[in-house]
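Undergrad: The listed protein sequences correspond, in order, to chains R and F. Position one of the first sequence corresponds to residue 7 (this note's numbering), numbered consecutively onward. Position one of the second sequence corresponds to residue 7 (this note's numbering), numbered consecutively onward.
Each hint should be verified, as a subset may be incorrect.
Calculated cross-link-like contacts (lysine-lysine; reagent style DSS-like; alpha-carbon spacing at most 25 Å) [claimed, not checked]:
1) R:K95 with R:K60
2) F:K11 with R:K60
3) F:K39 with R:K60
Rather than coming from a laboratory, the hints here were simulated on the basis of the structure.
Number of protein chains: 2
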Amino acid sequence: MQSKKTVTACLIIIGNEILSGRTQDTNLAHLAKVLNELGISMSEARVIPDSEEKIIATVNECRQEFDYVFTTGGIGPTHDDITADSIAKAFETELYLHPEAEALIRQRPAPEEVMVARLRMARIPVGGELIENPTGGPPGFQIGNVFVMAGVPAVMQAMASSLDGDRLPGGRPVRSRSVGAYLGESQVAAPLTEIQNRFSDVDLGSYPFYRKDGYGTNLVMRGVDEKRLEQMLAEVVQMIIDQGGEPILD
Amino acid sequence: MQSKKTVTACLIIIGNEILSGRTQDTNLAHLAKVLNELGISMSEARVIPDSEEKIIATVNECRQEFDYVFTTGGIGPTHDDITADSIAKAFETELYLHPEAEALIRQRPAPEEVMVARLRMARIPVGGELIENPTGGPPGFQIGNVFVMAGVPAVMQAMASSLDGDRLPGGRPVRSRSVGAYLGESQVAAPLTEIQNRFSDVDLGSYPFYRKDGYGTNLVMRGVDEKRLEQMLAEVVQMIIDQGGEPILD
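Please put together the full structure from these sequences, using the hints given.
TA: Encoded structure:
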């Protein structure tokens, strides 16, 4: 029997380019969905700069607070790729050239100077294990409960696809139901509170939308028990009808 | 004369829907650019759930660490909109019905139950000040160095447009130059390190790209001194040519 305790994760997004607004992060949304299927709840995310001091402090704080910590970004071959070095320092250990990662990188020939740069990506902390990279590029690594992955979305997604429930034991996946209506949030606020109070095991979120043909509200129910979700959905649908709206089901 | 010290900001994104992956945040990138024009550096962002305890702890931690803190999300009229209440608790103060915000909301007539819900959005903490909402909807508010704004991007952007350098004194805006080339990151890693070492006042980032017609690297320089940026750009362009690449300027 699985534990009822929520299994939690935190994503640390490392990169000046995300904080400057130059690059739009999409890794959080993707990883949240992957983890949810493993019964792991994405409970917090942090976006931090390429700063060794900040990476060390954030990783050490988050690995105490959450069951799993993921990082994206900063594992390439250039001077601004300082994630591996910083993680090793956070764990008070050293980096070493992982033989398997080195062999992978040496498969593609390159001039010596270029190979030296590429081999930076074969360094992982002592005590770490590789995370497979199905794109054929350099792998990520895991040390303790910290999973270090690429920042480029296609590569991060490939690495995430290699993780499974054996490596990341979780709980029950959260399921959702949603229904929308062309009713303002204020019109549904009071009856919604009443329904939420009777379904304390389901998280009921209310999200306004604005479209060309009018404004309205999407109501999203999230919980682990499908039967309770169906019961709550029926009540929310009835509430929308009572308020003079027309339920829009996905 | 302006201080040389970097003026910093942190964005706290409040919302289960961002953490679940259902909604893609775009507020970070937008606000980062707005703040940069005011000479304020977005130095961290956190995505946290709709949890009073978490909001209080995060706001209290971040308002000590950064010059400015912004929050997005959770200021609507429904039961899951707990940001204003949580911020008041973080500042150990109470919410009250702000007369100007109340008058604005009462301009649009509504049945009593609906009006009660809408007036929730006129509550701000004692000691706070309004943030104008040019969309005509309910305002945001500022208390101390914390700026509480809407989560819906169009509304957040309208609120952000009402903030200026009088309310948010900053430093010098960061400017950038960028150049790309169809060269792998490993090919430019060594000469790039050498250039970065000589330009310690400019942040040089290296970002791989993968396109149908090949892979390459974008090099982004960020700093406050335009002359130094131009000098560094010229060196990076020359380096690309030396490595057998063709510089692609914006």
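Undergrad: Output the numbers, in ascending order, of every earlier hint that fails for this structure.
TA: none
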